[in-house]
Amino acid sequence: MKHFELIVQDLGKHFNRRSIFRGLTFSLALGDSLAITGKNGSGKSTLSRILAGVLSPSSGFVQYSSEGSAIQEERMKDAVGFVSPYLNLYDEFTATENLFLLSMIRTNQNSLETRVDDVLRRVGLWERRNDQVGIYSSGMKQRLKYAFALLHTPPMLILDEPTSNLDNDGVKLVKDIVRAQKKIGILVIATNDSREVRWCEKKIVLNVGL
Amino acid sequence: MSSWAGTFAVVSKDVRSEWRTRYAVNSLLMFVVTAVSIILFALRSADPASDLLAGMLWVVIFFTAMSGMSRVFVSEEERGTTLTLQLVATPTVVYFGKLLFNSVLILFLSLIISLMFQLLFQEFSIKSYAVYVISLMLGSLGFSAASTIIAAIIAKTRSRGTLYAVLLFPLLIIPLMAGMSSTIKALEGSPFGEALPDFQVLAAYLMVMVAGSSLLFDYVWKE
Amino acid sequence: MKVVKYSSIVLVTFVIIAGIAIPTVREPQGLFEFPMIPGLGQKSRNIFFHVPVAWTTVVAFLVSMFYGYRYVRTKNMDYDIKSVSSAGLGFLFCFLATVTGAVWAKFNWGDYWNWDPRETSIFILLLIYGAYFALRSALENEEARARLSAVYSMVAGLTVPFFIFVMPRMMAGLHPGAAGDVEGKGPVLELKMSSNMLFVFLVALLGFNLLYVWMLDLRVRAGKIEYQRIKQQTS
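Protein chains in written order, with our numbering: chain A, 25 to 234; chain B, 664 to 886; chain C, 433 to 667.
Among the clues, some could well be false.
Claimed, not checked - Simulated crosslink set (DSS-like; lysine-lysine; CA at most 27 Å straight-line):
#, chain 1, residue 1, chain 2, residue 2
1, C, Lys-507, B, Lys-885
2, A, Lys-165, B, Lys-819
3, A, Lys-206, A, Lys-196
4, A, Lys-63, C, Lys-663
5, C, Lys-663, B, Lys-819
6, B, Lys-885, A, Lys-165
7, C, Lys-437, B, Lys-819
8, A, Lys-206, A, Lys-165
9, B, Lys-885, C, Lys-663
Calculated directly from the structure, the hints in this document are not laboratory data.
Please take these sequences and the hints and turn them into a complete structure.
Put into structure tokens, the structure is as follows:
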């Protein structure tokens with residue numbers, strides 16, 4: 025997507041009349057990186073889900089735009105890659121099957137096979153690609169989530185707790201992915217880890233003064 | 664439209680998942696066998712007339728629907744894959760995919776139920792085949808349409824099982840009555856024209872439910 | 433709203449008095465006598481209570497559906513308050529309609545319940561209302577509760593035309609107006625009532641509807657106050 029931009033205007037969210045955050049306004053263009061940080065329960069995951077388009081805000085809006093005009097709903101799915109502790113893949117399928125089946129739902133694209141192989145190699149799951157995800161360790165599941173997020177090379181990558189469950193090699197992989205994404209797209213990270221916050225140029229701190 | 668490809672991909676995923684886990688084959692077929700057996704046992708010394716048997720046929724289909732049609736959404740919730748699906752598919756793709764899956768499932772199960780009835784009950788002899796087939800199909804599809812949207816509504820609640828039955832039952836009365844009525848006519852050998860009013864009701868119900876549900880599903884799916 | 437309140441009290445009181453006090457005779461003369469409707473006799477008085485109440489429950493349901501629709505379009509909680517308030521009243525009126533219907537059935541046809549299509553329909557509506565409240569109580573998240581119960585009321589609402597129009601034509605039944613009723617479409621539609629009876633009936637219809645509007649207004653205002661109070665407590 026050319027000249028992809030994320031526009032957030034007066035964004036607010038409340039659950040059962042308790043306000044999580046309100047009045048958030050910012051925009052991100054290709055090459056921007058944003059860290060969302062704050063205490064536990066401050067709404068980082070909530071905000072990341074709203075930015076990923078899977079949760080509706082209570083007020084304000086989030087808009088994805090390409091070349092100046094808003095993107096239609098069908099194409100929004102192609103714009104985001106999302107990694108989150110709340111994300112799960114199908115235990116009864118292998119890594120390869122998961123990626124294939126989910127990708128077929130998202131976009132019915134050809135030359136899928138090579139891309140699935142490539143991304144599995146990238147995240148280090150090539151050896152175990154034909155094992156059912158149900159027997160994966162939590163670290164392997166996290167790597168598979170990255171494979172799922174990167175498969176369609178989205179212009180925007182949103183990572184909630186990017187290094188959870190990962191060993192040192194896994195953390196290196198994430199740093200690599202982050203570096204690559206910052207060059208060509210938008211990166212949003214929700215985290216408490218101060219090192220991870222420093223990966224990003226911009227920062228939002230939630231739950232201050234509320 | 665590419666969204667049809669997405670819809671079939673959703674069905675494909677569910678079918679493959681089914682193949683892997685064998686839920687429908689194990690649980691639902693057993694449920695069907697159990698339900699028919701109970702009726703067989705209850706009616707063993709009576710000499711059931713065709714209209715009673717038609718009623719029993721639809722009762723079994725009804726309870727099978729109440730038992731098995733919620734899985735398409737509840738299983739995604741239980742495994743935490745609803746979010747995953749939300750990331751890859753628009754609401755319309757998800758709705759029609761799940762509806763298609765449920766429809767195929769209930770048509771398959773009602774066929775099994777029907778065959779069991781034909782085998783086990785002598786009085787259950789179909790005299791107007793065309794009427795019978797259309798009655799079974801339209802009725803089952805109507806059940807599927809209502810069941811799918813209600814399954815989506817209760818998927819995120821607690822006490823899903825009981826709530827599902829409570830919400831679904833009032834909605835299934837219409838196709839149940841029209842289905843029973845036309846099936847009785849099929850067993851008695853009535854001409855097609857007599858069953859036509861029932862078919863009109865079933866067809867209208869099906870169209871209204873699918874159209875309405877597809878419009879409302881967006882509000883159920885997007886939080 | 434004061435006008436609605438007082439006029440509804442006046443009208444319903446009038447209906448209660450007129451409905452019960454005015455005698456029914458074969459050949460009515462003048463304003464204070466009602467004609468005998470064949471098959472009903474004194475029991476025809478129920479028409480002033482049962483029919484308006486049954487009518488009002490359907491109105492309440494449609495109103496609840498409408499506000500539910502407004503909620504999902506705007507996410508404004510006020511609409512949800514209106515929707516659930518109307519549903520609560522609809523539930524009450526539906527219960528009354530079922531009971532007055534059953535009483536009439538006992539006196540007229542011998543049994544409290546017969547599974548006649550209209551009886552079945554009002555019972556199904558009662559189940560729908562019950563299901564609506566069961567759904568609401570199973571959802572703790574306010575937004576989900578408002579949204580999903582609104583969708584359910586609309587889905588259930590899709591079946592209501594089938595109950596009103598299709599079922600009675602399909603099934604033979606006891607109610608006036610069902611298939612097989614030799615008298616035609618029933619005393620209301622066929623205007624078998626004399627003009628003074630019709631007058632009381634229309635007053636009843638109006639009175640009960642106004643009563644509904646007044647009660648709805650009370651419930652909505654109470655609901656809004658409650659909502660504000662809790663909002664202040666938790667923020």
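Which earlier hints turn out false for this structure, listed by number in ascending order?
Hint 7 is the one this structure does not satisfy, whereas the remaining hints hold.
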